[in-house]
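Spelled out, the chains give:
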Amino acid sequence: MPFQSALSVVAPVRDGAAEELDRVLAQMGNGVANGEVIDFGSLSGLHFARIVVVPADTDHRGRPLPANIVYLADLDVSPEEHLAELVRTAGDGVDRVFGHCEGYPGGTPGERERLDWLRSRVAREPATYVNTRGRTQQQISQEAGLREAVSDFLDRRPDLRDRQPRAVRDAIRKFVGREPGLRWALEPADRPGLGARIREWAHLAWVGLLVLVALPFALLAAPVYVVLLRRHEKRDPAPHNRPDEALVLELAALEDHLPMNPFTAVGQVKPGPFRKLTINVILYLLNAVTRHLLKPGDLVGVKTIHFARWLFLNDRRQVLFASNYDGSLESYMDDFIDKISWGLNLVFTNGIGYPRTRWLIKDGCRDELAFKDYLRLHQVRTRVWYSAYGRLSAANVAANEQLRKGLHSDLRGDREQAWVQAL
Amino acid sequence: MTVDLERADIQGLFARGYSNLSLATFVLLRFEDGLSARSWLGEVLGGITTSEDRPERRAVNVALTASGLSRLGVDGETVSKFSSEFVSGMTAPHRRRILADEGTSAPERWDWGGPATPPVDGVLLLYATHRAELTALEEEQAALRRRHGVQDLHRLGTSDLDGFEPFGWRDGVSQPLVEGLGKSGPENLTVKAGEFLLGYPNEYGRLTDHPALGHNGSYLVFRQLAQDVRGFWRYLDGATRTADGAEDPGARLRLGAKFVGRWPSGAPLVLAPTADEPALAEENDFRYHRDDARGALCPVASHIRRANPRDSLDPDPGSDDSLELNRRHRLLRRGREYGSPLTTEEALHGEDDGEPRGLHFICLSGNIARQFEFVQQTWLNNPKFAGLYDDADPLVGPSEPFGGCFTSPGEGVRERYTGVPRFVTVKGGAYFFMPGLAALRSIAGEPGNSSSPEGS
Chain A
1 MPFQSALSVV APVRDGAAEE LDRVLAQMGN GVANGEVIDF GSLSGLHFAR IVVVPADTDH
61 RGRPLPANIV YLADLDVSPE EHLAELVRTA GDGVDRVFGH CEGYPGGTPG ERERLDWLRS
121 RVAREPATYV NTRGRTQQQI SQEAGLREAV SDFLDRRPDL RDRQPRAVRD AIRKFVGREP
181 GLRWALEPAD RPGLGARIRE WAHLAWVGLL VLVALPFALL AAPVYVVLLR RHEKRDPAPH
241 NRPDEALVLE LAALEDHLPM NPFTAVGQVK PGPFRKLTIN VILYLLNAVT RHLLKPGDLV
301 GVKTIHFARW LFLNDRRQVL FASNYDGSLE SYMDDFIDKI SWGLNLVFTN GIGYPRTRWL
361 IKDGCRDELA FKDYLRLHQV RTRVWYSAYG RLSAANVAAN EQLRKGLHSD LRGDREQAWV
421 QAL
Chain B
1 MTVDLERADI QGLFARGYSN LSLATFVLLR FEDGLSARSW LGEVLGGITT SEDRPERRAV
61 NVALTASGLS RLGVDGETVS KFSSEFVSGM TAPHRRRILA DEGTSAPERW DWGGPATPPV
121 DGVLLLYATH RAELTALEEE QAALRRRHGV QDLHRLGTSD LDGFEPFGWR DGVSQPLVEG
181 LGKSGPENLT VKAGEFLLGY PNEYGRLTDH PALGHNGSYL VFRQLAQDVR GFWRYLDGAT
241 RTADGAEDPG ARLRLGAKFV GRWPSGAPLV LAPTADEPAL AEENDFRYHR DDARGALCPV
301 ASHIRRANPR DSLDPDPGSD DSLELNRRHR LLRRGREYGS PLTTEEALHG EDDGEPRGLH
361 FICLSGNIAR QFEFVQQTWL NNPKFAGLYD DADPLVGPSE PFGGCFTSPG EGVRERYTGV
421 PRFVTVKGGA YFFMPGLAAL RSIAGEPGNS SSPEGS
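So the protein lines, in turn, are chains A and B. If you read the first sequence in the numbering used here, its first letter stands for residue 1, the second for the next number, and so on. If you read the second sequence in the numbering used here, its first letter stands for residue 1, the second for the next number, and so on.
Bound conformation, chain A alone (with noise of 0.2 Å):
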């Protein structure tokens, strides 16, 4: 089993097509993908999936941004397989869908034509979140089902309340051993296999190496990068637009219709080589931070988002950013101003309309309405969006996680007393 991974399908939508695509998106879903045109249920280890449209725009110098559809699946398979199931089992679906971009096969297409359009599409994403890599989505859905069984045992047993831990923890165990639907729990989760280990301490090592190459001449540019880095932050226009009412309900509208939502957001990079080159190195340090770096379950003090991407747009003018994260939309940028402003400032400074950043890391954000209004301003409507185990918090499947580790590990003392005290 490799780790999870992340695919991206970015194809424009066709001229006129859009309102069509409209028309079949809000059939599938009002914030929450229902099962219709594609039963995201039915697809093998998928956590998270979505479909928006990102409308057309234009940038800074009146070019046209064409507008996309953006299909984005968290995956335990590899993307390859993932589009491989998607074809072969909801092709009709992937026609009434992507049949409104532009280049998509006339006709209807056999699953081989499907799925090398697919393939053509796949986008690469410069930087990827997981929570806590290597967790399958079939085992976030078992650990869930011990968690319920096992309350519901403890719920039939009070007299267990008054037993020493072990006495539990034993009880526990029979209980667990009895049940033929259970009796996994006994035994580790499957953890990715040594090759895909290995894979990713080369990788370490490559970004290490080139970290260590690129040192030396990052610091003497450093000087030059920092009085470039000052001039662009004073110059950047930095306005307070606020989105109107009805925006604000048409997409509040959308939200909060499970414990977990979505958040996805496109920008603008700013213009000029300056902001490239600093969006591309950012989101290329982040990917490797958050893909080697991280302790699982925590992004810098936030331990609530699931899985998170950034994406680039139309020859990488413009960013996606998704996330899947619990609870409301305000509790989340309240923990991106609170927590994690430097992180977020760090990519987000490079994308037109944000709040005035100093030194790439302060400001920006914690200019509070500015930036809640820059994120509505941005924010794309997710109608269509799949959540494998939208009642579970990000805490709650972590706690699941250890619920089943303590059954097979060998806890005493303290360990054994807290995982029974967090039964």
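No lab work stands behind these hints, which were simulated from the structure alone. Glycine included, each C-beta is placed from N, C-alpha and C at the ideal position. Incorrect hints may appear among the rest.
With the Cβ distance kept under 10 Å, some of the chain A side facing chain B (calculated, not the full set) [unchecked claim]: (1) Val122; (2) Glu330; (3) Ala398.
Position chain B against the provided structure of chain A, taking the given hints into account.
For chain B alone, kept in the frame of chain A given last:
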């Protein structure tokens, strides 16, 4: 650093909850005709209690909805500069998911403020020391409205339950310390005035966006919350009966205290874990992470622990940073109870007298989304608060579609209560704005004041 509040221009409800004026009536208003409403406002103005006053007999305050501002002739451009929540109102369609106004609490079923009843344009808040005084005040005010043709929509009476809410718990123990107001306290517990008042720096060190008309004003969130006192006690009773089916008053009270996070006297569970200690009733100096990180004394799911999590917020619970995050989500509560008191005994075994009981919840806010709505959605209603699984607030939260559990951690296996019903039903509500005096004069069109709210 202290802030200089323009007290004479700020309505009195900001500075005090008028606890010495134990009776109150709230009159919901409709402005059919803008011109006459303005002349009414001009006349009410003189009697408005300010934050400089120390009223000893009576107090009068007034607040307006977005529709009220428009009907009074404030231009659309100015109204649109108020916050989005205020402009679109408490019953904007998506807001029912934020506030859990669904099912029996759906705005369609509200007695006022919902789509089934006429729009509310304003609220008049009247306070007095005793019944005769209040009646006189109400009559004077009613005469003013009659003279100017301002229509009453609804009169909301209150009752003096001596500082207790209808379930039987002391209410309003924990209020934020506000910079520039009343007693001072430690800096890390003092909240910037701009969190509750427009025109002053907030906790981000910024001025919250507002039109000039908003200066020295506050948003006023008003919710009529009916409390099912019988249902509450009967649930506690049923959940704590002994194995042979007998009542267990001690366990019943303990579960109620676990729901609330305090004993009925107000004593916090963190400090009085095993039994009520009335001596600790006013005690508010405790922390959750520091004193009870797991919630073994005061459950994480309990009402007060989620309405004000103090030092328990991520990413660094127990730190000053955690307290700082908490300061951005405080409410300045100014609510009043209604309905006659009901003892536990009456609630459990008495006939249903059909009398409505509950709370006219009122809070002042500088940013409704970050304060009131955030606390409702992210802390109270959220079944996932602080790592919980399916526990909404047991006291005021919803039970459907999520959140009907209550988990009480202990030294060993937790106790879990399932199927906790909803005890609090929303009967009405609206987002108001309580303007400063100069702004009210300008709205009323009084001479000598800039009637142009431009230039913010």
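Now for the hints, and whether the structure bears them out:
1. Val122: violated (34 Å)
2. Glu330: holds (5 Å)
3. Ala398: holds (9 Å)
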